[in-house]
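**Q** Letter by letter, the chains look like this.
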Amino acid sequence: MLPASPAIEAAGVSRTFGRRRAVDDVTLSVPAGDCLALFGPNGAGKTTLLRLIAGLLAPSTGTVRVGGRPLRDDADARAQVGLISHQSMLYRALTARENVEFAARLYGVADPRAAAVRALDDMRVLDRADTPVRALSRGLQQRVSIARAIVHAPGVVLLDEPYTGLDAAGGAALTGMLQSLRAARAALLLVTHNVDEGLAVASHAAVMLAGRIVRMADCATLEARTFREEYRALVVNGDGLPTGAPLGLSA
Amino acid sequence: MTGRRTPGVVAAAWLIARKDLAIEFRTRTAFLSALVFAVLALCIFYFTWDQSVVPPADRAPGVLWVVLAFSGLLGLQRSFGVEEHDRGIDALLVSPIGREAIYVGKAIGNLVFLFAIQLVAIPALAIFYNLPFGRPLLAVGGIVLLATIGIVAVGTLFSAMAVNTRLAELLLPMLSLPFFVPILMTAAQATTLVFAGRPPAEAWPSLKILIAFDIVFLVACTLAFPYTLEE
Amino acid sequence: MTTIPVSNGTSNSGSSGRSNGTPAPAAPRAVFDWFSAVAALGVVGIYIRAIYFTPIERLQGAAQKIYYLHVPAALAAYIAISITALMSIVYLWLHDERADRLAEAGAEVGLVFLTVVLTSGPLWGHRIWGAWWAWWDMRLTLTLFLWFIVAAYLIVRGGVEEAAMRGRYSAVLAILAALLIPFIHLSVYLFQARLHPMPVVLKPGEPSLPPEMLTTFLLAFAAFALLCIAFIRARYRVGLLRDLAAELAA
Numbered sequence: 001m002l003p004a005s006p007a008i009e010a011a012g013v014s015r016t017f018g019r020r021r022a023v024d025d026v027t028l029s030v031p032a033g034d035c036l037a038l039f040g041p042n043g044a045g046k047t048t049l050l051r052l053i054a055g056l057l058a059p060s061t062g063t064v065r066v067g068g069r070p071l072r073d074d075a076d077a078r079a080q081v082g083l084i085s086h087q088s089m090l091y092r093a094l095t096a097r098e099n100v101e102f103a104a105r106l107y108g109v110a111d112p113r114a115a116a117v118r119a120l121d122d123m124r125v126l127d128r129a130d131t132p133v134r135a136l137s138r139g140l141q142q143r144v145s146i147a148r149a150i151v152h153a154p155g156v157v158l159l160d161e162p163y164t165g166l167d168a169a170g171g172a173a174l175t176g177m178l179q180s181l182r183a184a185r186a187a188l189l190l191v192t193h194n195v196d197e198g199l200a201v202a203s204h205a206a207v208m209l210a211g212r213i214v215r216m217a218d219c220a221t222l223e224a225r226t227f228r229e230e231y232r233a234l235v236v237n238g239d240g241l242p243t244g245a246p247l248g249l250s251a
Numbered sequence: 001m002t003g004r005r006t007p008g009v010v011a012a013a014w015l016i017a018r019k020d021l022a023i024e025f026r027t028r029t030a031f032l033s034a035l036v037f038a039v040l041a042l043c044i045f046y047f048t049w050d051q052s053v054v055p056p057a058d059r060a061p062g063v064l065w066v067v068l069a070f071s072g073l074l075g076l077q078r079s080f081g082v083e084e085h086d087r088g089i090d091a092l093l094v095s096p097i098g099r100e101a102i103y104v105g106k107a108i109g110n111l112v113f114l115f116a117i118q119l120v121a122i123p124a125l126a127i128f129y130n131l132p133f134g135r136p137l138l139a140v141g142g143i144v145l146l147a148t149i150g151i152v153a154v155g156t157l158f159s160a161m162a163v164n165t166r167l168a169e170l171l172l173p174m175l176s177l178p179f180f181v182p183i184l185m186t187a188a189q190a191t192t193l194v195f196a197g198r199p200p201a202e203a204w205p206s207l208k209i210l211i212a213f214d215i216v217f218l219v220a221c222t223l224a225f226p227y228t229l230e231e
Numbered sequence: 001m002t003t004i005p006v007s008n009g010t011s012n013s014g015s016s017g018r019s020n021g022t023p024a025p026a027a028p029r030a031v032f033d034w035f036s037a038v039a040a041l042g043v044v045g046i047y048i049r050a051i052y053f054t055p056i057e058r059l060q061g062a063a064q065k066i067y068y069l070h071v072p073a074a075l076a077a078y079i080a081i082s083i084t085a086l087m088s089i090v091y092l093w094l095h096d097e098r099a100d101r102l103a104e105a106g107a108e109v110g111l112v113f114l115t116v117v118l119t120s121g122p123l124w125g126h127r128i129w130g131a132w133w134a135w136w137d138m139r140l141t142l143t144l145f146l147w148f149i150v151a152a153y154l155i156v157r158g159g160v161e162e163a164a165m166r167g168r169y170s171a172v173l174a175i176l177a178a179l180l181i182p183f184i185h186l187s188v189y190l191f192q193a194r195l196h197p198m199p200v201v202l203k204p205g206e207p208s209l210p211p212e213m214l215t216t217f218l219l220a221f222a223a224f225a226l227l228c229i230a231f232i233r234a235r236y237r238v239g240l241l242r243d244l245a246a247e248l249a250a
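Residue numbers (the numbering used here), protein chains in the order written: chain A, 1 to 251; chain G, 1 to 231; chain W, 1 to 250.
These aren't lab readings, by the way, just hints derived from the structure by calculation.
Virtual Cβ for every residue (Gly too), placed ideally from N, Cα, C.
Mixed in with the good hints, there may be bad ones.
Pair by pair, the computed Cβ-Cβ distance ranges are [claimed, not checked]:
#, chain 1, residue 1, chain 2, residue 2, range
1, G, Glu-100, A, Ala-172, 39 to 45 Å
2, G, Tyr-46, A, Arg-113, 49 to 55 Å
3, G, Leu-167, W, Leu-241, 22 to 28 Å
Work the whole structure out from these sequences, hints included.
**A** Shown next, in the form of structure tokens:
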């Protein structure tokens, strides 16, 4: 079942909006069981890159593959992916359980009810399962959204700032979830601007600035404090920026 | 990992339609407002003609089609707004189901929504305009069925387009109404013939246009739908 | 129902400009546009000929001279709209922004000529039929609905910010509209065939025109076709300059 090719693979991916290059010639690969944390300031192109890998955007040039297959026209490849994005992707009028169960059915999970209960329990929101999403707090909505994204036990999980709005318990539940996903040989791509959150689960770290990946490191050989300082230097001082790239960065 | 089977087009479309109808059933706001609008409009139109000049039964077909078109627009507007709010559409797009299944599912949901309005609006028309219940009303039901398929076919596509524009809801009537023209013209004509007690054969040319419209635009809009999504 | 936040699917879209992969277009040089000048002179010449050197029609009198505006304008509108439909197909196929810009130009110029048709028609009708508007006149009715569709097309263009999406939306709409027109034609035909016998009126462009009139007509067709192409060329340049300006601003 496990493909020989890396779970997530982007080769020379660029995406322009008008003249602006949001993502500029990015190449990366994440093998099964690894977690790449992608750091970068606002507007660095992290979200665009994630949406390109998720197949929600088409690259201007380059290719994206998941499990060795192009995502956009391959239903089986898409079935491997779980996405957690900025927006909750939930329907407010439906309950948490209905939302997660609907997602499970979209992926053809064998027992959608049980899978939904399990996912909600993993994210510690089972007690609010029958509350309409509209009535849940932002943090609880985020937990339901994460449950929705992993209900089909994806082999590839793409996460865009998943810790936003989560309290300590929610953050711990998410970290635990990500670790168990990794243990189950899922590949994770975690987009965040918070270095500590990212390094807590990552096996590799990358820094994105102005659409490019400017630094790539293996967490095994990386010391958190040094990396944090290096990241600050890159982002705040603008060291190592490709020449001529637009600035406008915020820490 | 075991026991996963991606639903086919029909199954996926049905999932989406059922989800949309569940949302609608929960909130009921769009349905109730469309329904009240339809019945209210029927009543208001009654007073826009002098009944000593034009008998109510004569204007019933025209009134019916104007009311069904506009209340239908109210229903169609909500269709993709639900997806846009928290980008539920993204979850559908990254899932393994095909894009045409999204369109078909949305269309089925809209079809049920519009039928539910018509189920109240047509008897209300019969009551307020003193039309005979029974056989003619059944024939009108058949015409309504054909016309609603066409309305939903184009309306669902334009609803998907409208939510991605700056104009949002404003755009839907402007885009849809020109496409409703052949539907409304032929359906109103067929309805007039039915109410006038003419033989069904006379309405056949109108029905043929309706059927052709349904087929052409169901196919064309299903093919066009993927182009309306963000890329 | 809540208001929908518009097109924020990508956190960082919004700059309009070129779609992907097309080479940067060269800015058109500001030169005197001979083409437009010739077309404009041609139209002026046609009206001098039509007013002073073409005989007055026996039955309709001077009102018949409206034909020299009405019919060529309709021809120009059809040319412009055909370009839009054709370029929309090309755009969906090749994703070439030049096709999109040409489609836009065709629609806008088409709307202008359709407006001319729709204003000159009733002026003539009022004089000859005694009615401003005649729903049973297939061509006029069809032109009216065409006007609405083209107007909707241009409104859609104005409502979408991202260039590639605007191109796709408008192309889809134009192609669907091309499918719609036969249906409108059929339903209008059915409507008028049931309720009215075909009216016995003089039809524009009947074959038995006197030679002077025919010559004026043919020259008018040529002048309007030229004017239409000149307008589209000019409008295309405006679109090109606008896109360039947007790119420089980005």
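**Q** The structure should be examined with respect to each hint, and the outcome stated for every one.
**A** A quick look at each hint next to the structure:
Checked against the given bound of 39 to 45 Å, the beta carbons of Glu-100 (chain G) and Ala-172 (chain A), roughly 42 Å apart, stay inside it. Between Tyr-46 (chain G) and Arg-113 (chain A) the beta carbon distance is about 50 Å. The supplied range of 49 to 55 Å therefore holds. For Leu-167 (chain G) paired with Leu-241 (chain W), a C-beta distance near 25 Å keeps the hint of 22 to 28 Å intact.
In summary, the structure agrees with every hint in the numbered list given earlier.
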